[in-house]
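Trainee: Here is what each chain is made of, one letter per residue.
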Amino acid sequence: MRLPPVLLGLLRRTGILALTLLAGALLVFLAMKAAPGDPALSVLGENARPELVQAFRRDYGLDLPLWRQFLRWIGGALHGDLGRTLTIAGGVPVGELIATRLPVTAFVGLYALLLAVILSLILGTVAALQRGRALDTLTTSLAVLGVSMPDFWLGYVLVFFLALNLPIFPSYGFVSPAQSIPGALLSGFLPALAIAAPMAAVFSRVLRAALLEVLHRPHVQAARSLGHGEAFIFLHAVLRNALIPYVTVIGLQVRYLLGGVVVIERVFGIPGIGSLMVDAAFGRDYPLIQACALTFLAVVLATNLLVDLVCTRLDPKARA
Amino acid sequence: MRRGRATLRLGLGITGVVLFGVLAGPFLTPFGPEEMDFLNVLTPPDAMHWLGTDSFGRDVLSRVLSGGRISLFISACGVAAGAVLGTTIGMGAAWRGGAAEAGVMAGSDLLFAFPSFVLALFLMVVLGFGVQNVIVAIALTYLPIFARLSRNLTRTLMHEPFVQAARLMGQPPRRILLSEILPNILSTLMVQASIGIAFGIVIEAGLSFLGLGVQPPTPSLGVILSDGREYFQRAPWVLTLTGALVSVALLGLNLLGDGLRDLADPRLRRAAGP
Chain R
24 MRLPPVLLGL LRRTGILALT LLAGALLVFL AMKAAPGDPA LSVLGENARP ELVQAFRRDY
84 GLDLPLWRQF LRWIGGALHG DLGRTLTIAG GVPVGELIAT RLPVTAFVGL YALLLAVILS
144 LILGTVAALQ RGRALDTLTT SLAVLGVSMP DFWLGYVLVF FLALNLPIFP SYGFVSPAQS
204 IPGALLSGFL PALAIAAPMA AVFSRVLRAA LLEVLHRPHV QAARSLGHGE AFIFLHAVLR
264 NALIPYVTVI GLQVRYLLGG VVVIERVFGI PGIGSLMVDA AFGRDYPLIQ ACALTFLAVV
324 LATNLLVDLV CTRLDPKARA
Chain Y
38 MRRGRATLRL GLGITGVVLF GVLAGPFLTP FGPEEMDFLN VLTPPDAMHW LGTDSFGRDV
98 LSRVLSGGRI SLFISACGVA AGAVLGTTIG MGAAWRGGAA EAGVMAGSDL LFAFPSFVLA
158 LFLMVVLGFG VQNVIVAIAL TYLPIFARLS RNLTRTLMHE PFVQAARLMG QPPRRILLSE
218 ILPNILSTLM VQASIGIAFG IVIEAGLSFL GLGVQPPTPS LGVILSDGRE YFQRAPWVLT
278 LTGALVSVAL LGLNLLGDGL RDLADPRLRR AAGP
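Line by line, the protein sequences are chains R and Y. The first sequence begins at 24 in my numbering and counts up one residue at a time. The second sequence begins at 38 in my numbering and counts up one residue at a time.
For reference, chain R alone in the conformation it holds in the complex (with noise of 0.2 Å):
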């Protein structure tokens, strides 16, 4: 029986994410060993009794030659299992902490996506329509603006001005999606538009060029010499042509916004996975930072192969 090609294709993907993601192991889990300091004195301190310190050696499996703590490493995360924390909460499996961690960034940098494509559609359509217009330098000014302001500054400013005149968007703290979903979506609104805003401008700068692109193709012409209606033409001939430069910014933008979610969940107290890497930072929590900088490996790879799915959907010459 042969694969169709497609599948074929997404195997293949698959494969290499997870080829990467095992280089992306191997080069943290060196980086981490070339790193000053000694785990084990870090935790018991630089005074601990020499047979503590051997223990602690034994138990975490530090006096193993390096190839073989790389090998239980990886063996135990294919089993979902990532260590405990050295310092962070107190000897907790990684692994736990992560998976509790990680739906909170979830939530709030698919928020943030949500806004930013919500802002930049309206914006880069209104750009290439206006073209050349009073609007389109405008949003074009704003879109340069929105990429030059740090997303952790613009988060204290809108807590500055929203925030403290407008009660109902709390300034720090976050409620989880589980708990309230109204609730959610209100904590979550200004951190999620401190990282958009940026990424909105990007995109709708894409979004505008790509449009201008298409809509003097001859595609284009052909549908409004049929007798199309303006707004069928622009959904059905030019915005979805315009749509695989546009989805693969977004893909591309994602690394940028996990970036920025560190620092802002930091900002508000979003008790996320970008909070969590730098309570461990501090903590020189070796196996935490570890998990957390592959996590975030893991979730720029997995979109990527997603955003290629997107586009092959959205191409059809990409289908053949």
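If you're looking for bench data, these hints aren't it; they were derived computationally from the structure. A hint or two may mislead.
Simulated DEER-style distance windows between Cβ atoms [claimed, not checked]:
| hint | chain 1 | residue 1 | chain 2 | residue 2 | range |
| --- | --- | --- | --- | --- | --- |
| 1 | R | H242 | Y | V285 | 42 to 52 Å |
| 2 | R | L137 | Y | H196 | 40 to 50 Å |
| 3 | R | A321 | Y | G134 | 23 to 33 Å |
| 4 | R | L101 | Y | S92 | 46 to 56 Å |
| 5 | R | G114 | Y | P82 | 41 to 51 Å |
| 6 | R | A201 | Y | V285 | 37 to 47 Å |
| 7 | R | A157 | Y | F57 | 29 to 39 Å |
| 8 | Y | P253 | R | Y195 | 15 to 25 Å |
| 9 | R | S248 | Y | S216 | 50 to 60 Å |
Where is the CB? At the ideal position from N, CA and C, for every residue including glycine.
Chain R is already provided as a structure; the job is to place chain Y on it using the hints.
Mentor: For chain Y alone, coordinates are given in the frame of chain R:
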């Protein structure tokens, strides 16, 4: 085209003013960045202190100007190091081809798959905090970006007639890469660098803001913003106005990059973002 020129001019103007302010900072304000005045603590902006004072009575504007110098230095050094190393690696890989090229590309794709800020944060843990290590972290964050870019650009030029001619004339590869190919890809690399410096400042500010980058008392922009956060409720202007000035400076660099890009290659206008 006219729009590109206007963008470039505005970008050059803002960047010029920022550079002047940052370099001439000590002569522009009557206060030193470390000068404390405990009688005037957390005063709002007035004619004397344009951006007010902080919790030690230090003039915020003087601190922002000297902090801007430090942050710009950090970012520019980091991006420059990343650009030189990355470009060397990328061009070399494109010229060699084969397994070397595939290996370099796989490596930089791997590094590029980490979110820049996460990679920088991870490197700070590995290297330790402090100015030098922020520079190294920014350089390593930019290395894969420049390696990919220069490799792709070199590949598009490698089979051009003028490169082939140089090759047939028996010029050594190093000379061909340096004097035939590099001048042709330099403008695109410069565009990436000017946008890179803007984002490098954001990385520095973010790391130091979290307390994982430059450490006080060195007044980098991130450290000043982080200070401003501590008394944000009592004196919101410190954080707000400092960040606004930073945004204007970054705006200048981004406009400069955009303008250069339009000037260098109109086809590249769509490539966006850090």
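Trainee: Using the C-beta atoms of H242(R) and V285(Y), is the stated range 42 to 52 Å upheld?
Mentor: Given about 43 Å between the Cβ atoms, the range holds.
Trainee: Quick check on a hinted range of 41 to 51 Å for G114(R) and P82(Y), using CB atoms only.
Mentor: holds (49 Å)
Trainee: Does the Cβ pair P253(Y), Y195(R) satisfy 15 to 25 Å?
Mentor: holds (23 Å)
Trainee: Quick check: does the Cβ-Cβ distance between L101(R) and S92(Y) fall within 46 to 56 Å?
Mentor: Taking Cβ atoms as reference, L101(R) and S92(Y) lie about 51 Å apart, which means the hint holds.
Trainee: Quick check on a hinted range of 40 to 50 Å for L137(R) and H196(Y), using CB atoms only.
Mentor: This hint holds: roughly 45 Å between Cβ atoms.
Trainee: Indicate whether the distance between the beta carbons of A201(R) and V285(Y) respects the range 37 to 47 Å.
Mentor: holds (41 Å)
Trainee: Range hint 50 to 60 Å: satisfied by the CB atoms of S248(R) and S216(Y)?
Mentor: Taking Cβ atoms as reference, S248(R) and S216(Y) lie about 54 Å apart, which means the hint holds.
Trainee: Is the distance from the Cβ of A321(R) to the Cβ of G134(Y) consistent with 23 to 33 Å?
Mentor: Hint holds: Cβ distance 31 Å, inside 23 to 33 Å.
Trainee: Go ahead and decide if the range 29 to 39 Å is satisfied by the Cβ distance of A157(R) to F57(Y).
Mentor: holds (32 Å)
Comparing the model with each numbered hint stated earlier shows that all of them hold.
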